[in-house]
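Peer 1: These are the residues of each chain, in order.
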Amino acid sequence: MTSSDSSAITPKTVAEHGLSSTEFERIKEILGRAPNLVELGIFSVMWSEHCSYKSSRRHLAKFPTKAPWVVQGPGENAGVVDIGDGQVVVFKMESHNHPSYIEPYQGAATGVGGIMRDIFTMGARPVAVLDALRFGEPRHPKTRHLISGVVAGIGGYGNCVGVPTVGGECTFHASFNGNILVNAMCVGIAHADKVFYARAAGVGNPVVYVGAKTGRDGIHGATMASAEFTDETEAKRPTVQVGDPFTEKLLIEACLELMARDCIVAIQDMGAAGLTSSSFEMAASGGTGIEMDLDQVPLRETGMTAYEIMLSESQERMLIVLKAGHEDEARAIFEKWELDFATVGHVTDTGRMVLRMGGEVVADLPVAPVSGASPVYDRPTLPSPKLLPIMGVTGAPPMDVREAALKLLGSPDIASKRWLYEQYDHLVRGDTVQRPGGDAAVVRVDGSKKGLALTTDCTPRYCEADPFQGGMQAVAEAWRNLIAVGARPLAITNCLNFGNPERPRIMGQLVACIEGMAEACRVLDFPVVSGNVSLYNETDGRPIQPTPNVGGVGLIDDLARMTGLALPGEGFVILMVGESAGWLGASLYMREVMGREEGAPPPVDLTYEKRNGLFVQGLIHDGLVAAVHDIADGGLTIAIAEMCLAGGIGATLEVPDDATSPQGWLFGEEQGRYVLAVKPEQVANLRSRGNEAGVLVREIGRSGGDALNLGGHVPISLDEMRRVHEAFLPDLMQAA
Amino acid sequence: MRVKVAIGLRPGVLDPEAVAIERSLKGLGFPDVANVKRQKIIELDVGAPDREAALTAARAMCEKLLANPVIESYTIDIA
Amino acid sequence: MRAAIITFPGSNREVDLARALEAATGHRPLSVWHKESELPDLDLIALPGGFSYGDYLRCGAVAARSPIMTEIARQAGRGVAVIGICNGFQILTEAGLLPGVLMRNKGLAFLCKPVTLEVATRQSVFTSGYEAGQEVVFPVAHHDGNYTIDAEGQKRLEDEDRVAFRYKGELNGSVGRIAGILSTGRNVLGLMPHPEDATEPLQGSIDGKPLFASLAAALG
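Chains as they are written, first to last, in the working numbering: chain W, 23 to 758; chain P, 167 to 245; chain X, 3 to 222.
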């Protein structure tokens, strides 16, 4: 059988391609005939959940995506937002969960490489990477191996390419034992009038292939059993995609050099589903057709079939539509950078994708239906049960306040991630002005006094307990973290990680999280400009906690007005913005100290969140505060402990008599709150500004000494806090 | 002609990776492991008329690029 | 001062270095592609950090065989100042312009953090702006910074006052905690830490500024 023969497509082959019988009938209807194997392979990837968002698409439409500062929302390789002075910021987050579980080093490395390509494809120089990582229980037998591989892979790739890895998250929960999450976000800067899109146009314009050669990397495993592969079975097994950061670095430089000329009509990286998705997306966006000769594709291995060439996921490759007559100019640039360059086809006006190999047409498909007519499912949903609030601790707590504070400070989710970020080059390019470990990373816009504030946020335990509130909280926390460093929040990207959407409870989580996020985006003027969905993250019926990671980007107009969380010295008054009611449901105190995963998560009041945030933003703008930190995991105590550790200075915190439960006051996780350190002479002014704005500003303590004093409890020395805070990851990773 | 070049550290040069491998192996229940050494193997085809010419070419490649004489030594195998 | 920064495929701290040099001298340094085989009259040749040729085979090994390196060796022989930072240092040792070799960090992991160094000699155009023994903070960002040389070579470096910078504490396994060295002619400096990323208050340290200021003062 040859790849262009359709006679051997059996129901089994269709199933192996992950297509339902209804979907196969639809394909036959579109084509007016049965597809051949190459065509079936193309449909299978284009109609996969990953490329078509068939389970989530109708809900993703609920996200607000527009604002005066948004240049390009979802639908392109990445979102584009105006940052003034003729510049734009380009960013997106993407998952590489399954590959990272199977081969953590290469999975994470190629995840970073892929998201970088999404950014420079649009003409932007990548300036920062962030990674949101979720692992299983620290003591699970696979966890150490996965951490060490993922961290080495992220570092190995990003360090070599020379893009600083400036932030992210790393948390742990048993639900991720069999499905870790590796979500990478990349941020780039471009000139507003030099943004490139993936819209093929101009009949006759050449379609060129640049970058690395094509091998058999990552071709879908299930399809390997099909009749076509009889000989050399071993050699033709699907292989893990291997990243080559050196080639990526050359590809960035070559593409940016070409983009500075006037040669490019459209450009698209070959990500998931490689040549297939890049060519179809360019033709679909441009409303054109493309004809390609697969014999021209640079190959790394011999004997590759059309099927393999179209489905290969080899890394570090791009497809470009050039203006006719500019091939030589473009070729010279890629040759200088020692990269492959091949003209593989041209743009047509037929609306069809025609692929030839060995003089034979191996596929002939209408572009629009393959790209646009993929099935859209309205899957049934089941709401998560409503949980009850838990306020304070009733009865005797299992440990005293001092012990609980130390326990939390050293717990996996709160403990310092220094072990990890010191393996990432977070300083290359010399513009990292807030390093990992704060509320948000800040990267200076080269040659200006402006800075980009960057953060990733999500609290999966809240999303599990109440998906709608959890979705709102993820967005609100990202917004708050940007406010805390002195930025104006601009927009978000997201990566929605869930279990199997065919199960109504999971689908219910997905829909409620999206609706919560959308609501928060709307109220906070914080639109979604790009995103990615990763479903089926479950093993043996055990799904991950719902994890809609949010990547937030904000702008600091003048870095002289940037704030950090470090206590700046002795004698500063510590203020809390916002109210505490002692909310312990779904808190880390509940999980780590009480040993229970119970209760409703703290509710998000978006109007209140916005009022408090804009109030703090105004104070920072007017230069009235010396340090700012948002209150999140572990509540007020952990927020202040982190400020003490960052500043190398102690603090005394009063526990008010009116607190219903000291544990609730100290460790509750109410939203919309900030801790400020201010000079004593500013306190009266801040209080009156608070009164005017309708924001509660409460004096709660002072900086000074070399210990943290929590009310009348035994003080905790900075040294002890630091030891406990820094111990978790090094201890875990050294344990044999 | 197929040439196989094996490059290793010269005796006496500390190899932290080999030390780590040795430590891990001991931890995994191989207490008698000792003297772990790592080598890089580079295989290549050379268009040489005979073994002698291939050997000469391979030696030159090692001296010029493949090995760093400050810390590395090499052996050449010709198929 | 006329300075040139050599760019190899995979260089990635050329931007940082150019910015620091320009701030110190008022002139944008020339950017030279590694395939060039001649250089104009220069006062300083700078090899930036990065992962030239992916650091495949050995760090700096392939770059050290680039056409430009013959010309750099010739210019260094004439007394032109040459600085190699991080990957630049690795390239200079691979090219034989500096003795020893940079091996994998003792802890095996890539290390990115600010470190405290001691200026071990002020007898060079690179370090004359510091006090001897002065403590400075530069960031490091390397996987292979473990400076290795035989005992005889180390003794020679020490006897000839050619150790330029030393880590204050143990960092990566380097012999004698060596972070940077000078050539016999004292006009070639190789160092692993990044003074170019410690030249502005926003970067958390300005201790690298005197290095570039020394160069600007000495080389005009």
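Keep in mind that the hints are not guaranteed to be accurate.
30 angstroms max Cα-Cα, derived DSBU-like pairs, lysine-lysine [what the hints assert, rightly or not]: (1) K115(X) to K429(W); (2) K108(X) to K472(W); (3) K230(P) to K358(W); (4) K472(W) to K701(W); (5) K472(W) to K235(W); (6) K235(W) to K203(P); (7) K192(P) to K108(X); (8) K235(W) to K164(W); (9) K108(X) to K203(P); (10) K230(P) to K108(X); (11) K157(X) to K203(P); (12) K164(W) to K206(P); (13) K37(X) to K206(P); (14) K164(W) to K429(W); (15) K235(W) to K192(P).
FYI, nobody ran anything at the bench for these hints, they're computed from the structure. All figures in this text were calculated on a predicted structure; none of them were measured in a lab.
Peer 1: Taking the hints in turn, state whether each one holds.
Peer 2: These are the hints, each one checked on the structure:
1. A hinted pair counts as satisfied when its Cα atoms are at most 30 angstroms apart, and K115(X) with K429(W) qualifies at roughly 27 angstroms.
2. Under the criterion of a C-alpha separation no larger than 30 angstroms, the hint pairing K108(X) with K472(W) is inconsistent with the structure, at around 39 angstroms.
3. Pair hint K230(P) plus K358(W) holds up; C-alpha atoms about 24 angstroms apart against a cutoff of 30 angstroms.
4. For the hint linking K472(W) to K701(W), the alpha-carbon distance of about 26 angstroms falls within 30 angstroms, and the restraint holds.
5. Taken as a hint, the K472(W) and K235(W) pair is broken in the structure, with Cα atoms around 39 angstroms apart against an allowance of 30 angstroms.
6. Distance restraint check for K235(W) and K203(P): the Cα-Cα separation of roughly 34 angstroms exceeds the 30 angstroms cut-off, and the hinted pair is therefore not satisfied.
7. This hinted pair checks out: K192(P) and K108(X) have alpha carbons roughly 19 angstroms apart, not beyond 30 angstroms.
8. Simply put, K235(W) and K164(W) have alpha-carbon atoms about 33 angstroms apart, too far for the 30 angstroms limit, and the pair is violated.
9. A threshold of 30 angstroms between alpha carbons decides the hint, and for K108(X) with K203(P) the separation of about 16 angstroms falls inside it, so the pair holds.
10. Annotation: proposed proximity of K230(P) to K108(X) holds, straight-line Cα distance about 27 angstroms (limit 30 angstroms).
11. Restraint check for K157(X) and K203(P): the C-alpha separation of about 28 angstroms stays at or below 30 angstroms, so the hint holds.
12. With a CA separation close to 29 angstroms, the supplied pair K164(W) and K206(P) stays within the 30 angstroms bound.
13. Distance hint between K37(X) and K206(P) is fulfilled; the C-alpha atoms sit about 28 angstroms from each other, no more than 30 angstroms.
14. For the given pair, K164(W) sits about 24 angstroms from K429(W) by alpha-carbon distance, which is consistent with the 30 angstroms threshold.
15. In summary, the hint linking K235(W) to K192(P) is not supported, as the alpha carbons are separated by about 41 angstroms, beyond the 30 angstroms threshold.
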